[in-house]
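Protein chains: 2
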Amino acid sequence: MKWKRSERLVDMTSHLLENPHSLIPLTFFSQRYQAAKSSISEDLVIVKETFEENGTGKLITVSGAAGGVKYIPTVTETEVREVMALTKGILSHTDRLLPGGYLYMTDFLGDPKMMDRIGKVFASAFAETEVDVIMTVATKGIPIANAIARHLNVPVVIVRRDSKVTEGSTVSINYVSGSTRRIQTMVLSKRSMKSGQRVLITDDFMKAGGTMIGMKNLLEEFDCELAGTAVLVEAEHTEEVLVDDYISLIKLHAVNEKDRTIELEEGNYFEKGGIVL
Amino acid sequence: MKWKRSERLVDMTSHLLENPHSLIPLTFFSQRYQAAKSSISEDLVIVKETFEENGTGKLITVSGAAGGVKYIPTVTETEVREVMALTKGILSHTDRLLPGGYLYMTDFLGDPKMMDRIGKVFASAFAETEVDVIMTVATKGIPIANAIARHLNVPVVIVRRDSKVTEGSTVSINYVSGSTRRIQTMVLSKRSMKSGQRVLITDDFMKAGGTMIGMKNLLEEFDCELAGTAVLVEAEHTEEVLVDDYISLIKLHAVNEKDRTIELEEGNYFEKGGIVL
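Protein sequences, first through last, are from chains U and B. Mapped onto UniProt numbering, the consecutive letters of the first sequence carry residue numbers 1 to 277. Mapped onto UniProt numbering, the consecutive letters of the second sequence carry residue numbers 1 to 277.
Looking at chain U on its own, in the form it has when it is part of the complex:
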């Protein structure tokens, strides 16, 4: 079957979007569409320009025998501001206030469209960082980790509070929770990471950063390196912050349990240079 250019463009776009951060050889497309590589190259110029003009992402062309094309999901500043504003709007409702100054975010974390957009916003910030694995702690960090992972095309490992038979043999560490000062345990399956891997740590909420420190300690047990830290909502904290290098989307500026008000502001995303396109 002979493909028309219009059909190739639609199918190529689908294929690229479904395979982010994957090098696709030009021969894959030229065989699939029974078309000359020169035609494929022309198609890719159109896709690249359209992606870049509309903030879909970047197309990187690698030349040579082992070459091909790679779609890198990136976002525009406008998209980040819009995601921030939406998140602030949703999370600032007073009925989200929970005892202890916590925010009810479970429904937000269950919204696939929001998670997809937030995942892409963080993936864009780490688009040029070498990341082999994304690590989070069960349960609430998982949707964000999955969303970032899909856009970066790297696996997710989930740290648990308890050991389960389905994890096989595990490595366990104790750490001190930053805000409650209690000793807590973290467990990770031995098979989940290899030594030398670069790990992006993520979570939905960070107060003093104890959980993040716990995950960092766990990395050391596996001889892995920290590639970065991404937090959806960071809380204002009177204590010293235990983690200094992280990127956040939203900052919980003030919670007044008596007046039942929540003040949210933009996180440090832009300060940390979290933009690629």
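Mixed in with the good hints, there may be bad ones.
One copy or two, either will do: identical chains are not told apart, so a pair holds if it fits within one copy or between any two.
[As the list claims (entries may be wrong)] Straight-line distance between alpha carbons at most 16 Å, and here's what the computed EDC-like set of lysine to aspartate or glutamate pairs gives:
no., residue 1, residue 2
1, K4, E225
2, K2, D132
3, K113, D132
4, K37, E236
5, K4, E42
6, K2, D244
7, K164, E220
8, K194, D107
9, K190, D107
10, K48, D111
11, K190, E263
12, K58, E128
13, K70, E49
14, K70, E220
15, K164, E82
Quick caveat, the hints were computed from the structure, so don't treat them as lab data. On a predicted model such as this, the values are computed, not experimentally measured, just so you know.
Here the structure of chain U is known, so what remains is to put chain B in place on it, guided by the hints.
Positioned in the frame of chain U, the structure of chain B alone reads:
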């Protein structure tokens, strides 16, 4: 700015793929591209035919004032067979065998590309079912629930084993685990579902189905209805299965702990009519 057809096709494809199961008015596209609705309709015919010929999914056009176009992710039989074969290949390695006849699947559940494909396979099976919410139980069901949710564009709710402050007030039930006969607890935030919602239940592994029954009981507490049950791997069980209507991708046919062999076969996906395209 005036858009060329080629650019419109690329951008339209991106927009549709990013917004599955969402009705997009034709005016959205005609305004975005500064093009007549007749041109947009011609573009959509090209996208529709390319999507359908290559197994990307279906485009449904709704006419009238409140009309528009909707992308429905569906898969071909070939894609399902390929996902089944890949999953069988990965999960049948003998070093996955854990005490008690369990399988180590954590790494598989952390693979974003596999989860995306599996999510689409299940979303295709439920493409014509009315689903308002996807429910799973922490921790291992979450990646599958997230992946199905993204393709169906519905929220995920996560049932937990324990209550946490960040969940707000909760509803809790006790149920009997199917295989161990122990009494277990399930907790779900009160705000997570509204009465009358139709819920798709999913999990990574099902033995006798006790967890599924637990989730079904929880649905009743919320006056919600069961829309379907999707399981990644169902185990062969000597006990009576507690759930009779479910769709599975893979069946764990036999585990021999002595010889360290695992036999996997196709689940009941095709028997249950899990194909739309």
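We went through each hint and held it up to the structure:
1. In this homomeric assembly, K4 and E225 never come within 16 Å of each other (Cα to Cα): the closest approach is 47 Å inside a single copy and 46 Å across copies.
2. In this homomeric assembly, K2 and D132 never come within 16 Å of each other (Cα to Cα): the closest approach is 39 Å inside a single copy and 41 Å across copies.
3. In this assembly of identical chains, K113 and D132 lie within 16 Å of each other by CA distance solely across copies; the values are 14 Å between and 25 Å within a copy.
4. Within a single copy, K37 and E236 get their C-alpha atoms no closer than 55 Å, and across copies no closer than 50 Å, so neither meets the 16 Å cut-off.
5. For the identical chains of this complex, K4 and E42 are neighbours both inside a copy (13 Å) and across copies (15 Å), given an alpha-carbon limit of 16 Å.
6. In this homomeric assembly, K2 and D244 never come within 16 Å of each other (Cα to Cα): the closest approach is 56 Å inside a single copy and 47 Å across copies.
7. Taking the shortest Cα distances, K164 and E220 never come within 16 Å of each other, neither inside one copy (22 Å) nor across copies (29 Å).
8. For a Cα distance limit of 16 Å, the shortest separation of K194 from D107 across copies, 12 Å, qualifies, whereas the shortest one inside one copy, 34 Å, does not.
9. Only between protomers do K190 and D107 lie at most 16 Å apart by alpha-carbon distance; the minimum there is 11 Å, versus 32 Å within a single protomer.
10. Taking the shortest Cα distances, K48 and D111 never come within 16 Å of each other, neither inside one copy (29 Å) nor across copies (27 Å).
11. For a Cα distance limit of 16 Å, the shortest separation of K190 from E263 qualifies neither inside one copy, at 41 Å, nor across copies, at 24 Å.
12. Within a single copy, K58 and E128 get their C-alpha atoms as close as 12 Å, which meets the 16 Å cut-off; across copies the closest is 35 Å, which misses it.
13. In this assembly of identical chains, K70 and E49 lie within 16 Å of each other by CA distance solely inside one copy; the values are 14 Å within and 25 Å between copies.
14. When the C-alpha separation of K70 and E220 is checked against a cutoff of 16 Å, the pair qualifies neither within a copy, at 32 Å, nor between copies, at 48 Å.
15. When the C-alpha separation of K164 and E82 is checked against a cutoff of 16 Å, the pair qualifies neither within a copy, at 40 Å, nor between copies, at 31 Å.
Of the hints listed earlier, those the structure fails to meet are numbers 1, 2, 4, 6, 7, 10, 11, 14, 15, in rising order.
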